[in-house]
Amino acid sequence: MDLNDTPDQAAYREHVRGWLQQNRQHAPDTRGRGDEEAAVEAHRGWQRRLAEAGFVGVTWPAEHGGQGRGPLEQVIVNQEIARAGVPGILDTIGVGMLGPTLIAHGSDEQKQRYLGPMLHADEVWCQLFSEPAAGSDLAGIQARAKREDDGGWRISGQKVWTTNAQFAAYGLLLARTDPDVSKHRGLTMFVVPMDGEGVTIRPLRQISGEPEFNEVFFDDVRLEPGSEVGAVNGGWGVALTTLMFERLTIGAGSEGLGYSGERFARAIASDPVAAADPEVRQRLGALATELLALRFTGYRLLTALSRGQIPGPEAGLGKVTAVNAAIEAGDLIADVIGPEALDSDSEWSYLISFLPGLKSAGGTEEILRNTVGERVLGLPPEPRLDKGIPFSELRAKERQEVGA
Amino acid sequence: MDLNDTPDQAAYREHVRGWLQQNRQHAPDTRGRGDEEAAVEAHRGWQRRLAEAGFVGVTWPAEHGGQGRGPLEQVIVNQEIARAGVPGILDTIGVGMLGPTLIAHGSDEQKQRYLGPMLHADEVWCQLFSEPAAGSDLAGIQARAKREDDGGWRISGQKVWTTNAQFAAYGLLLARTDPDVSKHRGLTMFVVPMDGEGVTIRPLRQISGEPEFNEVFFDDVRLEPGSEVGAVNGGWGVALTTLMFERLTIGAGSEGLGYSGERFARAIASDPVAAADPEVRQRLGALATELLALRFTGYRLLTALSRGQIPGPEAGLGKVTAVNAAIEAGDLIADVIGPEALDSDSEWSYLISFLPGLKSAGGTEEILRNTVGERVLGLPPEPRLDKGIPFSELRAKERQEVGA
Amino acid sequence: MNFELSDEQVFLREAARGALGRVNTVAAAREALEGGALPDLWPTAIQAGWTGLLISEDHGGAGLGALDAMLVLAEAGRVLAGIPLLGHLPATALLDRAGFSPESLGQLADGTIRAAYVPARPGDDRDPAWTAEPASGKRRAPAPTVVRDGELATVTGHVAWVPDAPGADLLVVVGVDEDGTPVAVAVGERADGVRVEATTAYDATRSLGHVTFDGAQGRALELDDEGLRSAWFLAQGLLAAEGLGAVEEALERSVTYAKERFTFGRAIGSYQAVKHALTEVLRRQENTRSLLYYAGWAYDDAPGEFPLAASALRVAAGGALDFAARELISVHGGIGATWEHDAPLWFRRAQLSRRLLGGTAESADRVAGELLTSAAGTPA
Amino acid sequence: MNFELSDEQVFLREAARGALGRVNTVAAAREALEGGALPDLWPTAIQAGWTGLLISEDHGGAGLGALDAMLVLAEAGRVLAGIPLLGHLPATALLDRAGFSPESLGQLADGTIRAAYVPARPGDDRDPAWTAEPASGKRRAPAPTVVRDGELATVTGHVAWVPDAPGADLLVVVGVDEDGTPVAVAVGERADGVRVEATTAYDATRSLGHVTFDGAQGRALELDDEGLRSAWFLAQGLLAAEGLGAVEEALERSVTYAKERFTFGRAIGSYQAVKHALTEVLRRQENTRSLLYYAGWAYDDAPGEFPLAASALRVAAGGALDFAARELISVHGGIGATWEHDAPLWFRRAQLSRRLLGGTAESADRVAGELLTSAAGTPA
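Protein chains in written order, with this note's numbering: chain A, 1 to 404; chain B, 1001 to 1404; chain C, 2001 to 2380; chain D, 3001 to 3380.
Since the hints were derived computationally from the structure, they do not count as laboratory data.
Capping the alpha-carbon separation at 25 Å, the derived lysine-lysine pairs in DSS-like fashion look like this: (1) Lys1387/B to Lys387/A; (2) Lys397/A to Lys1387/B; (3) Lys387/A to Lys3259/D.
Using the sequences plus the hints, can you model the full thing?
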């Protein structure tokens, strides 16, 4: 067991730290909630500066503008950014998940055109997979793409839970191109310009009232020929690549949510009566144990990544641990502080409101447990009633059952 | 809301109480653990005495030796017996569940022959439904009954979780009489003499080491013609009657398990440090709340029964509440007392050992929640892969899947 | 034994449901979060006779019991209605019991005067001191001090997060005299030295006030210890009753959606994870209902058990509503956690309610305390 | 960063699994409940070199770390083996750290002498006093008192439920001097005034002793406060490690059965209720493993964090094993709760283990205490 840097890593850390010290005055202040547009522009400039220094896409291959380094170097960059108290990059979704998907499945032209501006935040990206009726069952996507005579496409449908859509230049969109085959087989992935005619973006407010996500509506939106990523009707495989990178992001960045025993202990420590109360301590100890486990599971995961191993679906259990421990923490702190903790000015009110939404973001706990049970423990799957049935028939059957 | 007796009920209570006062010196001492056979004989005599006084089968129709009274009068008898600190009847399963099943489905001859000796404990009964591979899925019964030329039967198979088998005179046995129809349709209910040739009874010890149940093996056991209860191949309907009476017994007698907040509070109160500890109090308060709810849910149930209503499967949730609260209590008390609570002499050691078995006795929590979800909340059932398939094919399919 | 609602009680409940069904209180709950005005349901309460529920018939009230009051509040809770009965009813119970002026009782009964109970928590087996709600933190505040001069009383102190205090005409505050003996005092809202700072937190349907008495004068009520204690537990029971109604509605909505929403070719309600969670809501709901009946019965027939019963009820209701509200969101998936959806309104109700009036954790502690006190007198 | 086992550690673990696989320890665990003798695994421990694991190479030991020791105990826990290492290892760590006589260390390393650690719990942020395990009840007992006279020390006091005390040759007891300062003393088992009452509870594989010192004389060990504290937390970590191994085996057995057992035409492992519960076992198991690595790392590289790490590990392992053992029974249905089945042996192990050495609840309190102490020095 060794949590120290190798000499190479230590040198790299020194380099990053030095650069941040010299450049931190350019970092935007993300705490204020003023003009969103100006804040995005400032954040964009900061990512650009980081990219120029080589701190964006650290693990991307050099031929695509990355640094060709390992995941531990990416972690070093993240750690030093956190240590310096400056914001990270603006487009974590593009750089972390969508760019790698394009690298894996995109055409040479697409890589040429999109990857550079993505790294520099000249063009921010968003992920257009989930739909109101295709969340847990992602392959149930209904957004339609119809081929035009010239090889272009027309897109209609609705996407939801889209982060950054309001200022994204492009989106990676999963749509149904053939409803007459079974549901995983008739999907295709596309690059979609977010300023296209017929694209409507609506903010979606969460419990707290904050617009964390967007809904995006596509009304007969025209895509040029060559917008598809990977093969036509091969979209499910492309989507799985994205989801694997999503898992890596979530797994390795489990502390990115800002939930730690230390943080919650500070809130309790400020109330000496609570800090001496056995019941409060028992609850704090239990949830802090979960969060400590999460931290060191993250180090195990990083070690595996640095050895070139791909973490399995069990990495997703980290989110379960994080969210449930944070719910316990919010509960405990509200029990200690009382109604004041729920006041809209309180950080705890925000935390408490944020968690129910986070619980289903990126897949519900139930779906994750199914996947882990089947793919990691090898338990048999549930009977599937939708296997091999053409998508169009499946929908008709559902409508009939609900009507009945 | 009224927890008081009506004048009639008060008079009946007075009558029961008076009788018990005069007769309590005949009650056996059940606390000692000496000679089991002698203890059973003493207990048998006590039930006979109670029966002669009219306190057994209170709700049975008068024509079958009962009192034709309502469920509240049965409760009054139970309460007064508990108050007097004397044991209840020996054959709660026969009188509570199997006798009522015979009354509902048995032939006149059967009623004539069996009900009287059952009430008087001259013949104790046991229930032979569950099998090693037919617990949750009771209709998966494999014990076979084959018809003889004279209309008699030959029984082979194994039953399990059989209370009182070691001193029972008769059992009510569910067996498969036609394996070539779907699994609910080929079952028949039988009366089986427990001293028949080929019947082997083996005690089954629980975690604590106590033999709470038995296994019963049938090796080509001969039954006389007319041993079937209800129609041949109509056994599932007969079994449902028994299970309904079981539900009544469990629902109305939820406190019969002896779990109460008061009892657990006494254990805590004897340790003043624990009694003042906020964490201990929080846990005690939470579990005592569950047990109080159980008590008053029982009164609601009794009220419904006394109005002639049949409680639904939700009554079974009382067992879930009781068992889980008792598990919490055992945990708490062992945390307070420490390893000594687990010493084999401790009542808590017995409680802690008893609960895991109780959790699945009479149906697992999972099966109950399925039933309640479907029949009370109206949620759709899970897909059933065993519907309409002949039992024999089903078994072959299972063997194949496990082999694969 | 008859442990069910009477026909009159069923009628009272149905009438309440009908009366409250005429206003879209759920929509109002969301609008109020963004500053919208809540519908004024006090006229509804007056018309239905709820204002005089706990005032004896001699004084113009309905002379009903705690159970009836809880049934009405359950219906209010079902639709997240903000009716200031949680403050008014315990206050009127104290005033009626103390034989307050008949004229005032009449006006309280007909709703011309609205009262609010400014609560103090009775001491327990660990600490006999009566305490008040603090503005923040785990340490409870001292109950206001009362200096008596015959019928007159001067009150000084601070009680935070008082339900329905803003806009009440009469405050019925429980404090302690120099010996620590509890005293209830009726203080007019306009009396010198009274300040009510209106506030709210998280659940905009819940009107709260931080109440300060700075030598405010009022009339001491002649009440025994048990009377004063019962007001605290009555308030616990009423708050819990609101929770039960909210659970019922949350369960209905969850079940409806679980039948309609399909995933992987099946209605989500057919999956065990959903089905078992919803039966857990049902289990908690029915346990809460049983304890509500228990508390209602004990208030009249076994007052010595009322603290235990009401506290257990509060524990069960608080847990049930938290569980049901989270499940309501969870069944709906991501959309259930958005501002436009109704589910978060139940979540807000659940989170605030279980922190009011000492919080459900205090009630669990009280259940233990009551049982431990009894147990200490019983051989093990 | 490299947060995984080294090749040597993997080898150590595999070798342990191999060595312990030669005896049917699970069957022995059941037989011991009815008075059967447990297999003597001390020779196995000697042969494998586990007796000298925490003794430096200079003194004839293996000079390995806490992580290695925990890996061995995890393998013992997996098969419910009763090897008296839980007592021996913390004792030898103290003796080695104190530079005890080389000759004795050599004999301890080669297993000729077996030691047992008679623990005292270090004080915390709420109460600085060192305390001992009481025979019964929530109030902790005072740690034994030690009167020093140079190297000689006289010990008086009582410590209950001491793992592996019966049959140990040398007791390493932690007590306090007249100032409350902790002192460790090595006392021969045959010294005057030493009494070890062998006992056991619920899990027959766990040898326990109530140890009484009545003016017993021994040799005081020169150790600083941190050294004395670390023994307590090392014992916590070792006990937790046993738990992790038991969880792993319980999960494997549960999964195997869930694939084989059919109900309603499907393997029970295909039902969400079973599948989700077993993934919960996995989640807890992996969390425990991560904390085991953390504790192992902290013991050597961040001793200031070791109390936090070992306590968190204990909390996670205790909860995981209780959950896994109940699930092992539950997956098997009624048969899983019978005497003849192996599942109850895991249940017994779980129930006793989490009440030893202060209990897991004490560890959770300690996690909180460590974090609160750090937090008090950090701005919020």
